[in-house]
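Please model the entire structure based on the sequences and the hints provided.
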Amino acid sequence: MGNGVTPGTCPVYQGQIYSNAGQSAVVNNVSSPLKTAPLPVPLSALKLGQEGFKKVCRTEEDSPCPFPGLASGVLEMRVKEGSKIRNLMGFAMARMQGEKGVSGGGLSDGGLRQVVFTGSGRAVTKTITCAEIMKRKVGCLHQLTKLRYKVVKEVWESTEGGNSEMTVHRTVPSISILLSKDPLDPQEPGYQPPETLSALWEEREGAEPASHTTCKRPLGPLPHSSFPNCKRVCLGEGVSVLPPH
Amino acid sequence: MSSSHTDSSSPAVEMDPVEYTLRKRLPRKLPKRRNDVYVNMKTDFRAQLARCQKLLEGGGHREICVHGLGLAINRAINIALQLQASSQGALQLAANTSTVELVDDLEPEDPDEAGEPMTRTRNNSAIHIKVFYPDPQ
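Order-wise, the sequence lines are chains A and B. Using this note's numbering, the first residue of the first sequence is number 1, and each one after it goes up by one. Using this note's numbering, the first residue of the second sequence is number 1, and each one after it goes up by one.
Just to be clear, a hint being listed does not mean it is correct.
[As the list claims (entries may be wrong)] Using 20 angstroms as the maximum straight-line C-alpha spacing, the simulated SDA-like pairs for lysine to any residue come out as follows:
| no. | chain 1 | residue 1 | chain 2 | residue 2 |
| --- | --- | --- | --- | --- |
| 1 | B | LYS130 | A | PHE67 |
| 2 | A | LYS137 | B | ASN123 |
| 3 | A | LYS146 | B | GLY89 |
| 4 | A | LYS146 | B | GLY59 |
| 5 | A | LYS153 | A | SER164 |
I should point out that these hints are in silico values taken from the structure, not numbers from a laboratory.
Right under this line is the structure:
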């Protein structure tokens with residue numbers, strides 16, 4: 001599992017850079033170099049590294065809890081890039097299932113009622129994977145997913161002797177997933193009731209004219225065995241729906 | 001779209017890399033409406049962002065659905081957050097996660113040698129982000 005992450009690192013990073021390019025004014029907010037001559041404003045942190053700067057410090061700015069009204073004792077799993085899923089899950093599952101008399105927030109059946117998985121940047125995928133594994137293992141969990149940008153402050157120092165220092169504010173996408181044994185507010189954006197693989201799609205059907213959703217009908221029950229067949233069906237209906245060019 | 005990151009590898013089938021070619025099938029087909037955007041890692045990020053913006057602004061859609069699988073989850077989130085940021089708070093996000101079952105084919109490289117074609121299934125995480133203008137109430 002560990003080595004599976006490595007080939008992905010480069011494209012992910014690209015994604016972040018692209019996102020920075022989208023709002024460069026905000027992102028690369030080089031806040032006053034402390035004691036230096038004016039420096040060329042870098043396009044990205046990657047470039048900084050090439051120009052003889054070294055990252056000396058990285059702090060994540062405190063952001064308010066994405067789930068207001070959550071009890072204070074909730075277990076928060078902070079998923080990092082290098083975290084091992086087996087370690088995270090071993091710990092979290094033990095707490096949720098209340099093994100070995102672990103106490104804290106537990107009600108009748110033992111174990112915690114809620115857990116939050118958070119991760120940012122390249123750890124986002126791993127965070128979702130953890131939540132998905134837990135949903136599958138525990139079952140009957142209500143889920144609330146929140147996305148946002150997290151601001152990370154980086155201090156870069158020149159490697160070429162000078163005592164120049166730069167502070168860069170970067171934004172990285174982050175995800176927070178709340179899993180709860182107790183029901184949550186279904187009106188909240190990002191809410192997902194337990195066991196809803198198919199309902200995820202049913203619920204959205206009303207949003208569009210029925211003609212657009214017809215092609216999914218034959219695909220429902222069989223995931224992949226009938227794949228080529230399904231594709232053809234899908235194409236056929238799609239053509240009939242579309243007006244001629 | 002493809003990613004090598006699996007969240008639960010099935011009990012490992014012995015595979016000799018010399019004898020088998022690993023072929024990844026396409027993921028299962030999911031609904032493709034006009035407002036569904038499937039994000040991948042091959043297309044330029046800005047092009048995909050622009051496509052979403054076009055749907056929301058020019059296309060007259062009140063909501064679009066941005067999907068990302070595996071590695072593309074990051075990009076899907078990035079696109080959704082960029083859309084929200086550039087709308088000055090007019091847009092809201094509602095994210096759902098799911099697990100997608102993927103199938104790999106193992107084909108024997110040399111048909112003369114002993115070795116059956118095999119398939120393996122694995123799971124990968126996916127995200128579905130609804131980007132929408134909230135209804136005025």
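Hint check results:
no.	hint	verdict
1	B/LYS130 x A/PHE67	holds, 19 angstroms
2	A/LYS137 x B/ASN123	holds, 14 angstroms
3	A/LYS146 x B/GLY89	holds, 15 angstroms
4	A/LYS146 x B/GLY59	violated, 26 angstroms
5	A/LYS153 x A/SER164	holds, 17 angstroms
The structure does not agree with numbered hint 4 stated previously, though it agrees with all others.
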